[in-house]
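Residue-level listing of the chains:
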Amino acid sequence: MPQWLVNRWTIVPLLFSALVLAWNGYVAINDGGLIEGRVVDGIGRPVPDATVILFDRSFVMHNERQRSRTDEAGRFRFTGNDNHSLQLEAQTAGLGRSERREVRLWFRAQNVTLADPLRFTGRLP
Amino acid sequence: MTTMRRRGTYLRHAALVGVSAIMLVPFYWVLKTAVTNENIYAYPPRLLPERPHLFNFVDVWYFIPFPRYLLNSVIVSAIVVACNIAFNAMAGYALTKNFPGKRAVLLLFLSCMLIPFQATIIPAYLITSKLGLLNSYVGLAFPLLSTIVCIFVFKAAFEAVPHSLVDAARIDGLSEWRIIVRVLMPLSKAAIATNVVLAFIWSWNAFLWPLIITREPTMQTLPLGLARFLSYLEDTTGALYAFAVMVLAPSIFVFLMAQREFIRGLTSGATKG
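Protein chains in written order, with this note's numbering: chain A, 1 to 125; chain B, 1 to 273.
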């Protein structure tokens with residue numbers, strides 16, 4: 001093998017380039033802008049027909065970007081997100097507002113499914 | 001005797017490790033703040049980061065045109081490094097020869113090292129402007145295309161090569177250019193590494209010159225981006241420190257890659273008789 005190839009000045013940049021390519025490949029197949037999650041009440045029951053608001057960050061402010069409604073199982077879904085720093089909040093007439101959840105993404109428009117549901121403090125009747 | 005010597009070595013190493021740790025504290029603090037959002041003025045200060053995360057780096061990447069600044073800095077540094085190796089090697093080789101006025105040239109070089117760049121920035125700006133290089137990559141690299149310190153590094157390295165080798169190459173029919181490229185440069189890897197490291201760090205960290213000659217935000221380099229970022233997001237300490245880490249990382253990386261040759265290149269002239 002030629003000496004110029006077995007050299008840290010070749011190996012390290014090549015490894016670095018491979019990492020960058022791999023990361024960009026991962027980003028390319030996961031940047032659909034899809035955000036999914038669930039909304040539950042204080043004892044973990046799904047909250048149907050709640051409004052979920054998506055705020056995205058621009059420098060120091062968070063501005064409302066989209067709204068969605070939960071289905072019978074309390075699931076919600078946003079499409080077309082193009083930011084990397086978000087906040088989510090659920091609202092419903094009977095339960096008021098949930099805590100506002102900060103969602104940080106590793107890249108813009110990353111597809112994400114929230115592991116923990118948005119939670120109201122009160123209970124559904 | 002051996003035990004005493006070993007104990008002395010241990011003590012010396014322990015002292016060196018202690019001093020190194022103290023010198024690394026500011027770097028650790030920058031890194032710690034970059035992976036948290038802690039207030040750097042908090043009292044009592046925390047030694048270990050609490051709930052560390054890397055999202056400050058993501059913020060830096062997206063809130064300002066970081067990839068553009070990075071590209072500009074990489075292009076300018078590449079121009080500076082390539083030109084430094086070429087021009088300094090030529091100048092260094094010329095200074096190993098005897099020619100009329102050599103002492104005057106050496107004195108001129110040494111005296112020019114005493115003049116701070118800030119004192120010559122207006123003429124440098126006017127020359128760059130006359131050449132039509134304002135707001136261009138070559139213009140950004142212009143004052144660092146050749147540096148006197150690095151010329152002397154090459155001079156010392158070339159003088160360390162036996163004259164008989166250069167004479168033999170000349171008898172074999174090599175031109176002066178090919179003597180530099182084929183004979184002297186391969187024997188001066190330490191000098192090349194020193195040139196690469198110094199030229200890269202100087203161009204990477206340059207602030208005043210890019211500030212003066214750039215006209216558009218798209219031509220700005222990372223240090224200017226850092227200043228711009230500070231004006232945008234003055235309350236986000238974590239992101240600011242993350243930016244500082246991202247600006248510092250490439251130069252530290254280049255230094256670590258070329259460390260061995262760099263130290264050898266700097267000290268080779270010092271031990272020459």
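None of these hints come from the bench; they were simulated from the model. Hints may contain errors.
Stated by the list, open to error - Derived Cβ-Cβ restraints for the label pairs, each shown as a range: (1) A:V27 to B:H13: 43 to 49 Å; (2) A:G33 to B:R228: 36 to 42 Å; (3) A:E64 to B:V30: 20 to 26 Å; (4) A:E64 to B:L230: 36 to 42 Å.
What the hints assert, rightly or not - Residues from chain A that face chain B, not an exhaustive set, calculated with beta carbons under 8 Å: (5) W9; (6) T10; (7) V12; (8) R97; (9) R100; (10) W106.
As the list claims (entries may be wrong) - Over 10 Å on every C-beta distance to chain B, these chain A residues come out as not near it, computed from the model: (11) P48; (12) S85; (13) Q91; (14) D116.
Glycine included, C-beta positions come from ideal geometry on N, C-alpha and C.
Do the hints match the structure? See the list:
1. A:V27 to B:H13: 43 to 49 Å: This hint holds: roughly 45 Å between Cβ atoms.
2. A:G33 to B:R228: 36 to 42 Å: violated (28 Å)
3. A:E64 to B:V30: 20 to 26 Å: violated (35 Å)
4. A:E64 to B:L230: 36 to 42 Å: Violated: the Cβ-Cβ distance is about 28 Å, outside 36 to 42 Å.
5. W9: holds (7 Å)
6. T10: violated (11 Å)
7. V12: holds (7 Å)
8. R97: For A:R97, the interface hint is violated, since the closest Cβ of chain B sits about 25 Å away, which is over 8 Å.
9. R100: Because about 17 Å separates A:R100 from the closest Cβ in chain B, which is outside the 8 Å limit, the hint is violated.
10. W106: holds (6 Å)
11. P48: holds (32 Å)
12. S85: violated (7 Å)
13. Q91: holds (26 Å)
14. D116: At about 16 Å from chain B, A:D116 clears the 10 Å cut-off, so the statement holds.
Hint check: violations occur at hints 2, 3, 4, 6, 8, 9 and 12; the rest are consistent with the structure.
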